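**Student:** Sequence:
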Amino acid sequence: MKTLSADMIPDHFWRIRYDQQHDPDSPTLPSLSESPNCQNFAYALLKHFGFDVYPFRSSNLWEDATETCLVSDELRPLDLLLFNRTENPWGAHVALYLGDDQAIHLSKKQSAPVIWPVAQFLELPEYRTFVGAKRLRQIGVGL
Numbered sequence: 000m001k002t003l004s005a006d007m008i009p010d011h012f013w014r015i016r017y018d019q020q021h022d023p024d025s026p027t028l029p030s031l032s033e034s035p036n037c038q039n040f041a042y043a044l045l046k047h048f049g050f051d052v053y054p055f056r057s058s059n060l061w062e063d064a065t066e067t068c069l070v071s072d073e074l075r076p077l078d079l080l081l082f083n084r085t086e087n088p089w090g091a092h093v094a095l096y097l098g099d100d101q102a103i104h105l106s107k108k109q110s111a112p113v114i115w116p117v118a119q120f121l122e123l124p125e126y127r128t129f130v131g132a133k134r135l136r137q138i139g140v141g142l
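In numbering that gives the first Met the number 0, the protein residues as written are 0 to 142.
Simulated from the structure, these hints should not be mistaken for lab results. Possibly wrong hints are sitting among the right ones.
[Stated by the list, open to error] SDA-like cross-link-like pairs, simulated, lysine to any residue; straight-line CA separation at most 20 Å:
1) Lys46 x Thr128
2) Lys1 x Arg75
3) Lys1 x Arg84
[As the list claims (entries may be wrong)] Quick list of the computed label-pair ranges, beta carbon to beta carbon:
4) Arg14 x Phe48: 12 to 20 Å
5) Pro54 x Lys107: 12 to 20 Å
6) Pro9 x Gln119: 18 to 26 Å
7) Gln20 x Asp72: 37 to 45 Å
8) Asp99 x Gln20: 31 to 39 Å
9) Met7 x Asn87: 30 to 38 Å
10) Arg16 x Lys46: 17 to 25 Å
11) Phe48 x Val113: 26 to 34 Å
12) Glu73 x Ser4: 17 to 25 Å
13) Trp89 x Asp6: 28 to 36 Å
14) Lys108 x Ala5: 13 to 21 Å
15) Asp63 x Asp10: 24 to 32 Å
16) Lys46 x Asp6: 26 to 34 Å
17) Lys108 x Gln137: 29 to 37 Å
All values reported here derive from a predicted model rather than from experimental measurement. Don't be surprised by glycine CBs; every beta carbon is placed ideally from N, CA and C.
Assemble the whole structure, with the sequences as input and the hints as a guide.
**Tutor:** Put into structure tokens, the structure is as follows:
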């Protein structure tokens, strides 16, 4: 799989709106239907494409070595991207890489899902630091 395009994402994903009441400090991550946020959105897209991942908070996702691995080579479609103000993964924003330097994400500021070039994230203060990328182990090197 070289790239994912917008038309490969079902219409219902485009109708999801960020939960403005979402508490980023809650200890557990509610489901997408209970509280749409960046992580839930990315995990739901992965599930749509046939891959399950535990609903990690961003810092737990970054620390996880069981279900995910740190991406040390080129980004591939379905890699999880983490952005933040600093290199700290706690509270990092999560996007899903689509290929061709594009990522889809759901954010409080945009409210609706958007596809951006990866460089566009780095232009905003809240995403100026690319913390890194994580790849699901079940996807592995087979793409």
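**Student:** Next step is simple, just say for each hint if it's right about the structure.
**Tutor:** Hints versus structure:
Distance check on the hinted pair: Lys46 and Thr128 sit about 27 Å apart at the alpha-carbon level, beyond 20 Å; violated. Only pairs whose Cα atoms come within 20 Å are accepted, and Lys1 paired with Arg75 is accepted, the gap being roughly 8 Å. In summary, the hint linking Lys1 to Arg84 is not supported, as the alpha carbons are separated by about 30 Å, beyond the 20 Å threshold. A C-beta distance of roughly 18 Å is found between Arg14 and Phe48, which places it inside the suggested range of 12 to 20 Å.
For the pair Pro54 and Lys107, the supplied restraint of 12 to 20 Å holds, since their beta-carbon distance comes to about 18 Å. For the hinted restraint 18 to 26 Å between Pro9 and Gln119, the CB-CB distance of approximately 24 Å keeps it satisfied. For the hinted restraint 37 to 45 Å between Gln20 and Asp72, the CB-CB distance of approximately 39 Å keeps it satisfied. Checking the proposed 31 to 39 Å range against Asp99 and Gln20 shows it holds: the Cβ atoms sit about 34 Å from each other.
Here the CB-CB span from Met7 to Asn87 is close to 33 Å, well matched to the stated 30 to 38 Å. Remark: the range hint 17 to 25 Å for Arg16 to Lys46 is upheld by a beta-carbon distance near 19 Å. The hinted range of 26 to 34 Å is not satisfied by Phe48 and Val113, whose Cβ atoms lie roughly 19 Å apart. At about 19 Å, the CB distance of Glu73 to Ser4 agrees with the hint of 17 to 25 Å.
Against the hinted window of 28 to 36 Å, the Cβ-Cβ separation of Trp89 and Asp6 comes to about 35 Å, which satisfies the hint. For the pair Lys108 and Ala5, the beta carbons lie near 20 Å from each other, so the given range of 13 to 21 Å is met. Take Asp63 and Asp10: their Cβ atoms lie about 31 Å apart, and the range 24 to 32 Å holds. Under the hint 26 to 34 Å, the C-beta atoms of Lys46 and Asp6, about 19 Å apart, miss the expected range.
For Lys108 and Gln137, the hinted distance range of 29 to 37 Å is satisfied, since their beta carbons lie about 31 Å from each other.
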